[in-house]
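J.: Given only the sequences and the hints, what does the whole structure look like? Please build it.
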Amino acid sequence: MTTIAELPPGFADKVLSAQSTFRSVMDAMARPGSVQRIVPMAGAPGMMMRGTAAIALTLFDHDTPLWLDARMAESLDVTKWLKFHTGAPVVQDSSIASFALIRDGALLPPLDHFALGTSEYPDRSTTVIIQVDSLNSGRSFELRGPGIDGVATLQASIKPFDLFERLRFNEALFPRGIDVVLVADDAVVAIPRTTRVVSKGS
Amino acid sequence: MNAPAYNFAYLDEQTKRMIRRAILKAIAIPGYQVPFASREMPMPYGWGTGGVQVTAAILGPQDVLKVIDQGSDDTTNAISIRKFFAKTAGVATTTATDEATVIQTRHRIPETSLHANQVLVYQVPIPEPLRFLEPRETETRRMHALAEYGLMHVKLYEDIARFGHIATAYAYPVKVNARYVMDPSPTPKFDNPKMDNCPALQLFGAGREKRIYAIPPYTQVVSLDFEDHPFEPYRFNAPCALCAAENSYLDEIVTDDKGGRMFVCSDTDYCEGRQAAGHHGSLSAAPYKEKAQEASNG
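One line per chain: the protein sequences are A and B, in this order.
As numbered in our numbering, residues 7 to 208 make up the first sequence, in order.
As numbered in our numbering, residues 20 to 317 make up the second sequence, in order.
Just so you know, the hints here were simulated from the structure itself, not pulled from any lab data.
Check before you lean on any hint, since a few could be wrong.
[Stated by the list, open to error] Chain A regions said to be covered by chain B (calculated; three or more residues, Cβ under 8 Å):
# : segment
1 : 20 to 28
2 : 42 to 54
3 : 80 to 86
4 : 132 to 146
5 : 192 to 204
[Said to hold, decoys possible] Heads up, simulated DSS-like pairs for lysine-lysine below, C-alpha to C-alpha not over 30 Å straight-line:
#  : chain 1 : residue 1 : chain 2 : residue 2
6  : A       : 89        : A       : 20
7  : A       : 20        : B       : 106
8  : A       : 20        : B       : 229
9  : A       : 20        : A       : 86
10 : B       : 102       : A       : 20
11 : B       : 229       : B       : 174
12 : A       : 165       : A       : 89
13 : A       : 86        : A       : 165
14 : B       : 229       : B       : 194
[To be verified] Here are some chain A residues pointing at chain B (derived, C-beta under 10 Å):
#  : residue
15 : 96
16 : 97
17 : 99
18 : 183
19 : 187
No experiment lies behind these values; they were computed from the predicted model shown.
By construction, the Cβ of each residue, glycine as well, lies at the ideal position given by its N, Cα and C atoms.
T.: Here it is, written out as structure tokens:
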């Protein structure tokens with residue numbers, strides 16, 4: 007049994023680390039496709055990347071129902087760490103989650119299983135945080151939309167391979183939709199629902 | 020420098036998390052008003068509590084803060100908010116638009132072009148552009164959901180029918196990213212074109228009305244108009260009396276009780292910068308000499 011003393015620590019400086027992490031995520035969301043770095047370090051349990059851990063400590067609390075993919079949910083290290091440091095309730099029903107944490111892209115459920123918001127309150131939607139292999143190498147993508155001056159390019163190695171094809175449903179759904187945050191170690195890229203992504207050369 | 024009784028930047032961490040989540044959703048849905056649990060601040064509603072909460076949630080120790088009130092760095096509201104954050108967050112403050120990383124504003128966009136490393140935070144009194152046309156929140160929310168903005172065009176049309184032109188001079192409605200009609204805060208419509216395709220992130224906070232909304236960088240912002248009555252920014256037809264600027268937004272200042280008046284830049288930083296660079300207006304002698312003397316005294 008894990009005692010609290012054995013849990014990886016949270017931020018050394020809660021206030022300024024959360025601020026710095028938030029600014030990285032805010033810049034990522036405001037400039038889709040740009041790779042932002044998360045500087046403050048926190049302990050990360052098991053399979054959680056340090057960027058994911060920092061985002062969890064910055065944005066999660068008792069007001070944010072949290073959905074975990076099967077790999078995350080079965081890890082006691084992860085659930086205990088999240089419970090102790092954030093207090094966010096872990097829910098089974100993905101359609102009421104404020105945030106979803108995806109360790110393994112293969113386990114990403116169909117996106118319409120998450121909260122999409124309503125036409126009146128499109129903000130009541132799930133932000134899906136997906137851990138990926140790399141955000142600086144791999145296939146090339148072109149991004150267009152608000153926050154982007156013309157076209158942005160992103161090189162990423164992600165699972166599921168068809169993630170951006172799946173995200174096209176955002177186009178028809180808008181203003182409802184899913185916002186995605188991709189994390190690779192300390193690198194973060196956000197794909198809000200307004201961003202249109204195509205594979206380069208296709 | 021931090022006042023020890025308060026958390027960094029005054030707000031507690033739970034409140035900041037809530038505001039930060041609202042800001043992220045606001046950026047993801049440009050122009051949509053995200054409800055948030057606005058807190059009581061140590062200043063009355065109407066003095067920028069929404070903008071202050073947004074600024075408090077994003078501000079870090081490395082930021083340089085500028086606060087303007089009707090373009091001026093030197094008015095009560097601007098000075099007190101600047102001091103508030105200097106005291107509670109220990110951040111550096113500036114009046115120079117170029118040097119600032121976070122600019123909180125009440126109803127002006129600086130004349131100097133903003134750049135990508137800046138965030139512009141607006142204080143907003145009434146965030147709902149349709150509120151004076153439809154008082155019920157349930158109805159305006161449905162109108163936004165359906166993108167049913169005919170009422171706003173009727174209002175602009177009635178302006179034309181009554182005055183011969185669109186008489187709305189401030190809080191001129193805009194459409195963001197071809198979807199949401201948004202209130203740009205009571206900024207003069209002169210500033211509306213600066214919102215379009217702006218390199219800086221623009222965040223809007225309404226404290227009393229409990230709404231946060233945003234325009235991401237490089238986002239299309241169109242002022243509503245008609246083909247035969249296109250949008251036109253308004254400006255007094257005069258040069259600035261202090262720096263002779265022909266393209267800045269002007270304040271009209273009454274100078275006596277005989278109809279005397281002068282027009283000066285509302286953006287004090289822009290005006291002072293031009294004067295320091297040697298631009299003279301018709302009434303600029305005194306302040307410019309003073310500035311030059313200060314410079315020579317070193």
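J.: Work down the list of hints and note, for each, if the structure agrees.
T.: Outcome of the hint check:
1. 20 to 28: holds (count 7)
2. 42 to 54: Since three or more residues must qualify, the claim that chain B covers the segment 42 to 54 of chain A is violated, with 0 doing so at under 8 Å.
3. 80 to 86: As far as the segment 80 to 86 of chain A goes, the hint is violated, because 0 residues have Cβ atoms under 8 Å from chain B.
4. 132 to 146: It is violated: at least three residues are needed, and the segment 132 to 146 of chain A offers just 1 whose Cβ sits closer than 8 Å to chain B.
5. 192 to 204: holds (count 3)
6. 89/A x 20/A: holds (16 Å)
7. 20/A x 106/B: holds (20 Å)
8. 20/A x 229/B: At roughly 26 Å apart (the allowed maximum being 30 Å), residue 229/B and residue 20/A satisfy the hint.
9. 20/A x 86/A: Answer holds: residue 20/A to residue 86/A is near 19 Å, not above 30 Å.
10. 102/B x 20/A: holds (24 Å)
11. 229/B x 174/B: holds (25 Å)
12. 165/A x 89/A: Judged against 30 Å, a Cα distance of about 27 Å means the pair holds.
13. 86/A x 165/A: holds (26 Å)
14. 229/B x 194/B: holds (21 Å)
15. 96: For residue 96/A, the interface hint is violated, since the closest Cβ of chain B sits about 18 Å away, which is over 10 Å.
16. 97: violated (17 Å)
17. 99: Where the cut-off is 10 Å and the nearest Cβ of chain B is about 20 Å from residue 99/A, the hint is violated.
18. 183: Hint holds; residue 183/A Cβ to chain B Cβ min 8 Å, cut 10 Å.
19. 187: holds (9 Å)
The structure does not agree with the numbered hints 2, 3, 4, 15, 16, 17 stated previously, though it agrees with the rest.
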